[in-house]
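Student: If you want the building blocks of each chain, they are given just below.
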Amino acid sequence: MNLVRDCLDKQIDDRFKRRMGRVDGIVLEIEPGRPPRVAYVELGVKTLMNRVSSRLGNAIAHLLESRHIESAPYRIPWGKVHVGLNEVRADVEAEKTPALEWELWLRKKVIGRIPGA
Amino acid sequence: MKKLMEIALGVVTSVGGFLEIGSIATAAQAGADFSFQLIWAILLGGLCIIFLVEQAGRFSAVSGRTIPDAIRERFGFNYFAFLYIVLALVSLLVLAAEIGGVCIALELATGIRFQWWTVPAAFLIWLVMWKGTFGVIEKGVSVLGLVTLCFVVGSVLIHPPWSQVVRGAVPSLPHHDSTHYWFVVVSILGATISPYLYFFYSSGAIEDEWKETHVGINRIIATGGMTFGSVISIGVLILAAMIFAPQGVKVEHYTQLPQLLVPVFGYWGYWLLVASVGIACLGASLEITLEIAYLTAQGFGWNWSENQRPKAEARFAAAYTLTIILAALVTVTGIDPLTITIFSMALTAATLPVSIVPFLFLMNDYSYVRVYQNSWFSNAVVIVIIGIAFVLALVSIPLQIFGGS
Chain A
1 MNLVRDCLDK
11 QIDDRFKRRM
21 GRVDGIVLEI
31 EPGRPPRVAY
41 VELGVKTLMN
51 RVSSRLGNAI
61 AHLLESRHIE
71 SAPYRIPWGK
81 VHVGLNEVRA
91 DVEAEKTPAL
101 EWELWLRKKV
111 IGRIPGA
Chain B
1 MKKLMEIALG
11 VVTSVGGFLE
21 IGSIATAAQA
31 GADFSFQLIW
41 AILLGGLCII
51 FLVEQAGRFS
61 AVSGRTIPDA
71 IRERFGFNYF
81 AFLYIVLALV
91 SLLVLAAEIG
101 GVCIALELAT
111 GIRFQWWTVP
121 AAFLIWLVMW
131 KGTFGVIEKG
141 VSVLGLVTLC
151 FVVGSVLIHP
161 PWSQVVRGAV
171 PSLPHHDSTH
181 YWFVVVSILG
191 ATISPYLYFF
201 YSSGAIEDEW
211 KETHVGINRI
221 IATGGMTFGS
231 VISIGVLILA
241 AMIFAPQGVK
251 VEHYTQLPQL
261 LVPVFGYWGY
271 WLLVASVGIA
281 CLGASLEITL
291 EIAYLTAQGF
301 GWNWSENQRP
311 KAEARFAAAY
321 TLTIILAALV
331 TVTGIDPLTI
341 TIFSMALTAA
351 TLPVSIVPFL
361 FLMNDYSYVR
371 VYQNSWFSNA
381 VVIVIIGIAF
391 VLALVSIPLQ
401 IFGGS
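Line order of the protein sequences matches chains A and B.
For the first sequence, position 79 (counting from the first letter as 1) is numbered 79 according to our numbering, and the numbering increases by one without interruption.
For the second sequence, position 45 (counting from the first letter as 1) is numbered 45 according to our numbering, and the numbering increases by one without interruption.
Source of the hints: derived by calculation from the structure; they are not laboratory data.
You can trust all of the hints, since none of them are fake.
Across the chosen pairs, the derived CB separations fall in these ranges:
1) B/76 to A/58: 17 to 25 angstroms
2) A/52 to B/172: 41 to 49 angstroms
3) A/82 to B/172: 53 to 61 angstroms
4) A/114 to B/161: 54 to 62 angstroms
As a list, the in silico PhoX-like pairs of lysine-lysine whose alpha-carbon atoms are at most 25 angstroms apart:
5) A/108 to B/311
6) A/96 to B/311
7) B/131 to B/311
8) B/3 to B/211
9) B/311 to A/17
10) B/131 to A/108
11) B/311 to A/109
12) A/108 to A/96
13) B/211 to A/17
14) B/211 to B/139
15) A/109 to B/131
Partial selection, computed: residues in chain A whose CB lies under 7 angstroms from chain B:
16) 9
17) 10
18) 21
19) 22
20) 51
21) 103
22) 111
23) 116
Just so you know, even glycine gets a beta-carbon here, dropped at the ideal spot from N, CA and C.
Using the sequences and the hints given, assemble the complete structure.
Tutor: Right, here's the structure in full:
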């Protein structure tokens with residue numbers, strides 16, 4: 001498998017095929033004397049911004065934390081990730097993860113309160 | 001019979017997306033300033049958009065993905081972020097121009113200044129998005145948009161010199177005002193080769209659940225719809241060439257537009273123009289709003305579909321709501337919508353390479369389009385379009401400065 005081609009930036013769905021987001025980052029663990037090992041995939045704005053520039057990533061994280069919003073990316077252990085042809089699936093339930101935190105907040109606090117939603 | 005209906009509806013829908021305030025304004029300006037001489041620019045733009053729309057539809061039908069989806073996957077986040085910022089900003093400006101177009105139609109109908117209509121128009125657009133489905137937006141507004149056929153009927157009834165019309169289809173050098181001539185060419189191409197058209201079409205293919213079996217239908221719809229749209233634009237140009245050019249009238253404000261149809265249809269010409277501009281701009285506003293929301297949701301992997309209730313896709317609903325508010329803020333400032341339109345068309349032309357270059361890679365990627373990859377001819381055409389896009393990108397801003405008036 002080519003991690004960048006087959007996994008990074010791909011749409012990631014939960015076990016019920018609901019969209020969770022995109023694979024924004026891949027975390028490798030490097031231990032002395034052993035080959036690198038894929039540990040997690042990451043979803044989150046800080047990871048994304050870090051890919052543009054680490055300074056931007058830190059600035060976004062700082063901004064979020066100053067407003068008491070969690071800036072740490074959501075990590076899914078590699079063991080729960082299935083990479084197929086043009087699809088990535090995680091063996092988790094999207095609505096119970098931080099990946100849909102903003103979606104649920106918007107639904108509850110803003111969009112859901114507008115008549116006809 | 002069912003397939004024929006699907007094709008007919010698809011063609012009508014494509015026309016609905018094609019004809020908007022930008023193509024009406026630039027065609028009227030071209031006819032008024034250069035008579036029939038710029039018909040070739042509409043034909044060239046039409047030809048380019050046929051190829052791009054057909055490829056966008058084929059890509060989505062076969063891969064089950066939209067173009068923005070694949071750009072994020074294939075080119076990574078940094079390229080997508082660049083494309084997103086450029087496209088979202090330009091599309092917001094185009095949307096402001098379209099909302100301005102709806103408001104101008106309401107001003108023509110009521111006599112109340114267009115700024116006052118910004119909030120009601122923006123609310124109407126939002127309400128259709130909020131309550132409507134993709135089918136309502138795609139087909140409903142587009143069928144109403146058939147009223148714009150009055151430009152074609154008018155251009156025939158006015159008996160233009162057909163030999164000159166045919167001569168206008170062949171590219172020629174300007175006889176006067178060469179900077180302005182090339183600026184109008186750039187504006188026409190910017191209005192015709194709109195990224196929102198092929199991005200929206202690609203998302204529409206997914207909303208309509210197109211599969212590989214739709215590849216043939218897609219070709220007919222893309223070709224028929226964009227050709228039909230080009231013919232309507234040429235109708236506007238012919239009317240302006242016959243009515244404005246002999247009197248030396250320059251198109252400087254949208255309130256001049258009713259004069260295009262009044263000499264042909266009399267009293268009803270005025271109302272046909274109001275309906276045409278209002279409906280075409282409303283349709284385009286809905287499609288551009290959706291395109292920006294689609295682009296955002298697809299790029300970040302959110303749930304998206306206009307067929308779902310807003311609550312089920314809160315971030316998608318928030319994206320289109322915010323889009324409408326931001327665009328309406330531009331319109332409400334009272335800047336002349338024609339100025340916004342002409343500027344946004346030139347800006348669209350300047351940013352075309354960013355959205356067209358990925359086609360060359362995506363349409364040849366076996367993992368997405370399998371045996372439906374581009375032929376050598378389609379690739380050659382895309383390379384030519386990319387060449388045109390780069391030339392437009394280089395010249396559009398200088399021409400805007402020196403030839404935009």
